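Residue numbers (the working numbering), protein chains in the order written: chain A, 1 to 158; chain B, 159 to 316; chain C, 317 to 474; chain D, 475 to 632; chain E, 633 to 790; chain F, 791 to 948.
These aren't lab readings, by the way, just hints derived from the structure by calculation.
None of the values given here were measured: they were computed from a predicted structure.
The C-beta atom is built at its ideal place from N, Cα and C for all residues, glycine as well.
A hint or two may mislead.
Claimed, not checked - These stretches of chain B come out as covered by chain A in the derived footprint (C-beta under 8 Å, 3 or more residues): (1) 229–238; (2) 264–274; (3) 278–288; (4) 294–301.
This is what each chain is made of:
Protein chains: 6
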Amino acid sequence: MKKRLSHYDAKGAVSMVDVSDKQVTDRTAIAHAFVRMSPEVIRALPDNKKGNPLEIARIAGISAAKKTSELIPLCHQLPLTHVSVDFDIRKGGISVTAQAATAARTGVEMEALTAVSIAALTIYDMTKALDKGIEIRDIHLIEKTGGKSGVYRRKNSK
Amino acid sequence: MKKRLSHYDAKGAVSMVDVSDKQVTDRTAIAHAFVRMSPEVIRALPDNKKGNPLEIARIAGISAAKKTSELIPLCHQLPLTHVSVDFDIRKGGISVTAQAATAARTGVEMEALTAVSIAALTIYDMTKALDKGIEIRDIHLIEKTGGKSGVYRRKNSK
Amino acid sequence: MKKRLSHYDAKGAVSMVDVSDKQVTDRTAIAHAFVRMSPEVIRALPDNKKGNPLEIARIAGISAAKKTSELIPLCHQLPLTHVSVDFDIRKGGISVTAQAATAARTGVEMEALTAVSIAALTIYDMTKALDKGIEIRDIHLIEKTGGKSGVYRRKNSK
Amino acid sequence: MKKRLSHYDAKGAVSMVDVSDKQVTDRTAIAHAFVRMSPEVIRALPDNKKGNPLEIARIAGISAAKKTSELIPLCHQLPLTHVSVDFDIRKGGISVTAQAATAARTGVEMEALTAVSIAALTIYDMTKALDKGIEIRDIHLIEKTGGKSGVYRRKNSK
Amino acid sequence: MKKRLSHYDAKGAVSMVDVSDKQVTDRTAIAHAFVRMSPEVIRALPDNKKGNPLEIARIAGISAAKKTSELIPLCHQLPLTHVSVDFDIRKGGISVTAQAATAARTGVEMEALTAVSIAALTIYDMTKALDKGIEIRDIHLIEKTGGKSGVYRRKNSK
Amino acid sequence: MKKRLSHYDAKGAVSMVDVSDKQVTDRTAIAHAFVRMSPEVIRALPDNKKGNPLEIARIAGISAAKKTSELIPLCHQLPLTHVSVDFDIRKGGISVTAQAATAARTGVEMEALTAVSIAALTIYDMTKALDKGIEIRDIHLIEKTGGKSGVYRRKNSK
Numbered sequence: 001m002k003k004r005l006s007h008y009d010a011k012g013a014v015s016m017v018d019v020s021d022k023q024v025t026d027r028t029a030i031a032h033a034f035v036r037m038s039p040e041v042i043r044a045l046p047d048n049k050k051g052n053p054l055e056i057a058r059i060a061g062i063s064a065a066k067k068t069s070e071l072i073p074l075c076h077q078l079p080l081t082h083v084s085v086d087f088d089i090r091k092g093g094i095s096v097t098a099q100a101a102t103a104a105r106t107g108v109e110m111e112a113l114t115a116v117s118i119a120a121l122t123i124y125d126m127t128k129a130l131d132k133g134i135e136i137r138d139i140h141l142i143e144k145t146g147g148k149s150g151v152y153r154r155k156n157s158k
Numbered sequence: 159m160k161k162r163l164s165h166y167d168a169k170g171a172v173s174m175v176d177v178s179d180k181q182v183t184d185r186t187a188i189a190h191a192f193v194r195m196s197p198e199v200i201r202a203l204p205d206n207k208k209g210n211p212l213e214i215a216r217i218a219g220i221s222a223a224k225k226t227s228e229l230i231p232l233c234h235q236l237p238l239t240h241v242s243v244d245f246d247i248r249k250g251g252i253s254v255t256a257q258a259a260t261a262a263r264t265g266v267e268m269e270a271l272t273a274v275s276i277a278a279l280t281i282y283d284m285t286k287a288l289d290k291g292i293e294i295r296d297i298h299l300i301e302k303t304g305g306k307s308g309v310y311r312r313k314n315s316k
Numbered sequence: 317m318k319k320r321l322s323h324y325d326a327k328g329a330v331s332m333v334d335v336s337d338k339q340v341t342d343r344t345a346i347a348h349a350f351v352r353m354s355p356e357v358i359r360a361l362p363d364n365k366k367g368n369p370l371e372i373a374r375i376a377g378i379s380a381a382k383k384t385s386e387l388i389p390l391c392h393q394l395p396l397t398h399v400s401v402d403f404d405i406r407k408g409g410i411s412v413t414a415q416a417a418t419a420a421r422t423g424v425e426m427e428a429l430t431a432v433s434i435a436a437l438t439i440y441d442m443t444k445a446l447d448k449g450i451e452i453r454d455i456h457l458i459e460k461t462g463g464k465s466g467v468y469r470r471k472n473s474k
Numbered sequence: 475m476k477k478r479l480s481h482y483d484a485k486g487a488v489s490m491v492d493v494s495d496k497q498v499t500d501r502t503a504i505a506h507a508f509v510r511m512s513p514e515v516i517r518a519l520p521d522n523k524k525g526n527p528l529e530i531a532r533i534a535g536i537s538a539a540k541k542t543s544e545l546i547p548l549c550h551q552l553p554l555t556h557v558s559v560d561f562d563i564r565k566g567g568i569s570v571t572a573q574a575a576t577a578a579r580t581g582v583e584m585e586a587l588t589a590v591s592i593a594a595l596t597i598y599d600m601t602k603a604l605d606k607g608i609e610i611r612d613i614h615l616i617e618k619t620g621g622k623s624g625v626y627r628r629k630n631s632k
Numbered sequence: 633m634k635k636r637l638s639h640y641d642a643k644g645a646v647s648m649v650d651v652s653d654k655q656v657t658d659r660t661a662i663a664h665a666f667v668r669m670s671p672e673v674i675r676a677l678p679d680n681k682k683g684n685p686l687e688i689a690r691i692a693g694i695s696a697a698k699k700t701s702e703l704i705p706l707c708h709q710l711p712l713t714h715v716s717v718d719f720d721i722r723k724g725g726i727s728v729t730a731q732a733a734t735a736a737r738t739g740v741e742m743e744a745l746t747a748v749s750i751a752a753l754t755i756y757d758m759t760k761a762l763d764k765g766i767e768i769r770d771i772h773l774i775e776k777t778g779g780k781s782g783v784y785r786r787k788n789s790k
Numbered sequence: 791m792k793k794r795l796s797h798y799d800a801k802g803a804v805s806m807v808d809v810s811d812k813q814v815t816d817r818t819a820i821a822h823a824f825v826r827m828s829p830e831v832i833r834a835l836p837d838n839k840k841g842n843p844l845e846i847a848r849i850a851g852i853s854a855a856k857k858t859s860e861l862i863p864l865c866h867q868l869p870l871t872h873v874s875v876d877f878d879i880r881k882g883g884i885s886v887t888a889q890a891a892t893a894a895r896t897g898v899e900m901e902a903l904t905a906v907s908i909a910a911l912t913i914y915d916m917t918k919a920l921d922k923g924i925e926i927r928d929i930h931l932i933e934k935t936g937g938k939s940g941v942y943r944r945k946n947s948k
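Produce the complete structure using the sequences and hints provided.
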């Protein structure tokens, strides 16, 4: 059977696809983003007494995952059972990963991808006074489990 | 004067910074994102009678720009006077640009960056049945005008 | 000059149109909706000790007016200076009118129309246990003032 | 047993009614709205290179269905398994229908009705530059299945 | 085992905790708030022909319960099966109680607490023209049922 | 002139009051809340490697201030020029203060009060595993400036 673009029905019209007949199963997804920044900006990150830009980015990413179906027009509303956002400070910037889980009829990859994207944008917002050239890259899905299509794992994931 | 991380006050606590004394001026920003996809997926994009994934991504990006202050914790609420999202289909994927404008006390770069990010995520969502390896990259600010810091233009912007 | 569909730019792409160069002026709009219901349902409306379905519909309409730019994709965000929703119980149902006002660069007709629509849907929701055949009709703009196009007043408005 | 207004408890106070003891069953609803417009406006609809006002209205209707419990104060939050919005261009205007489905303890008629109402308001918003006299009418429930009250089908539905 | 702050994982990072392995059970919570106001303000409450400040506060509290996971960053999204808000006019002010119920993997105490808090703030908003010294106090959990930790009942609850 | 309940018009109907004729002036407000908790819970607050419950509460409070007009039905939408939330750890619990500022036609006291209330609820949510008896109290306005009614300062504010 030929693969089709997501969210289009047989007549070619867009819809929030009918998942009524799909099984409720446990589903997880892990996504990644990278915020490239100069060593000067990286060094400035922990340089304040209270709070840390990454902690605020973490909260922003978790909150955004819960808003995914409001942001991506054809996403189903999923009751998330877990969301976490983690950071790894590397030489050229900050690596952001997010995990999301649900028990639902459809997958959570958009929730994990939305979490890393908004966390990365929040890091940008917190550091933009130091450098307007910061860039977000490598937003991709690392892993996905559950549902009929089974496990997906990205090759050569950084 | 030494530059500081955005949104931190003199005591080092995070806040939505006080812009009460700033001038209301016209401000614009242009941002960019790139959705890298295989030629097969690019060819599938217009392949449906009604609607087009890019049109849905455009609406998603415009709507997201209006939600920026709900997504990025320390962003001010700005009454946008203009938002547009445009696409350029290239060899290796789709280039997304967004323009945002306001008359306000603070800049609109986060609004433009949020628009391209959510438009790119929506393209991902519409095409993910064809290829889970799609990647979003090169999210950056192209240009910014208005406000005390004046015009910023990215060097070598693609 | 030929009139064009709203929200399309010169290239035919949809956008939140640029109103940067428009004047901030006082603008008002009045909209109307009619909820047709049987005399039995009308008689049941005030039949409860605390609260009244119309009071809940009023709050729903006012709250919805504030959400207009989240619901109608290309609407600008307007800081409303006034919203009111009123009801007139007639023979065949309930007439709903909403007034909205702002000082902004673009009109408030969508805000007034959204207020009457959601108020009418709330009346439906509060009474649907009694009659599923209730119908909403005659949603239209009664009057609009302010802005370059001046005053509009519907002919033969009920 | 005497029928009561929806959402009122035994003491006459309004509440989000307790459905804890109801069964989770598959539920569907179909709703209708009609946007009356002149032949000139109908002819202008497809008259632009990119995008189509009806496609934007479709997205707005689907997105609004997911927001129903935020708009209608006493509606329960339902995880929709399907939403679609369709248009039929007729002589005097555009007929809008929406289908919604869920597996839940309460029905989805408000979701389908909200979808057609916001889709219709979006058509209004996209065409209002051509004609301010456009009217929305015939918002009603066509069909409802699932739950204890069983199937409802409107008589003489257009 | 040593008790830990809520929402922190083993590494000490904050997350929306993983409840994937918890059972879906019926859960309820009752919360309380008190709005202290002068006898003059209490007497003014019913003094208007249409509507009543407490009815508006009731709707605000019910609506807010549905928004809890948008307000409290690490709260899970719960499909509420019931929310009610009640008022008791006492000598020194108004006692507010809210009940919430769900069938979910985690408890509804934050939903009940959010409902009483926003209902109390709405009473403040409706009466602040009469007295700016109004105070909200005694926001606490009265009772909680369901889940592994079983029943909690506050001692000496007023 | 006799004082009236806020938000009621001359006919006694509730509305979002018309502020069209009011002046846009700078307005500020400071509000307070107190989260009473046992010394054991207070000692546990900083006891985790990354993040701090109070930092999360701060973000929640700032974000909630921006949502005030969605939570309090008759509040106007205000473009906030500043929001900050601060904590003072005392013997019996945590004192929360929030400052809000705007340039608008109506005051920001509800924004400051919403910020302290949601910040306090978030502290509750982060610590509830340790003690369900935590109580929020002393939510009140400390100070208000701007607008026709001038400066208000609470007597004997703690």
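Checking C-beta pairs, does the region 278–288 of chain B have three or more residues closer than 8 Å to chain A?
-> It holds, with 10 qualifying residues against the three required.
Count the residues of the region 264–274 of chain B with a beta-carbon closer than 8 Å to any beta-carbon of chain A: does the count reach three?
-> holds (count 4)
Are three or more residues of the region 229–238 of chain B within 8 Å, CB to CB, of chain A?
-> Three-residue rule met by the region 229–238 of chain B, so holds; n is 5.
Check of the region 294–301 of chain B against chain A for coverage (Cβ-Cβ below 8 Å, three residues minimum) | holds (count 6)
In summary, this structure violates none of the numbered hints.
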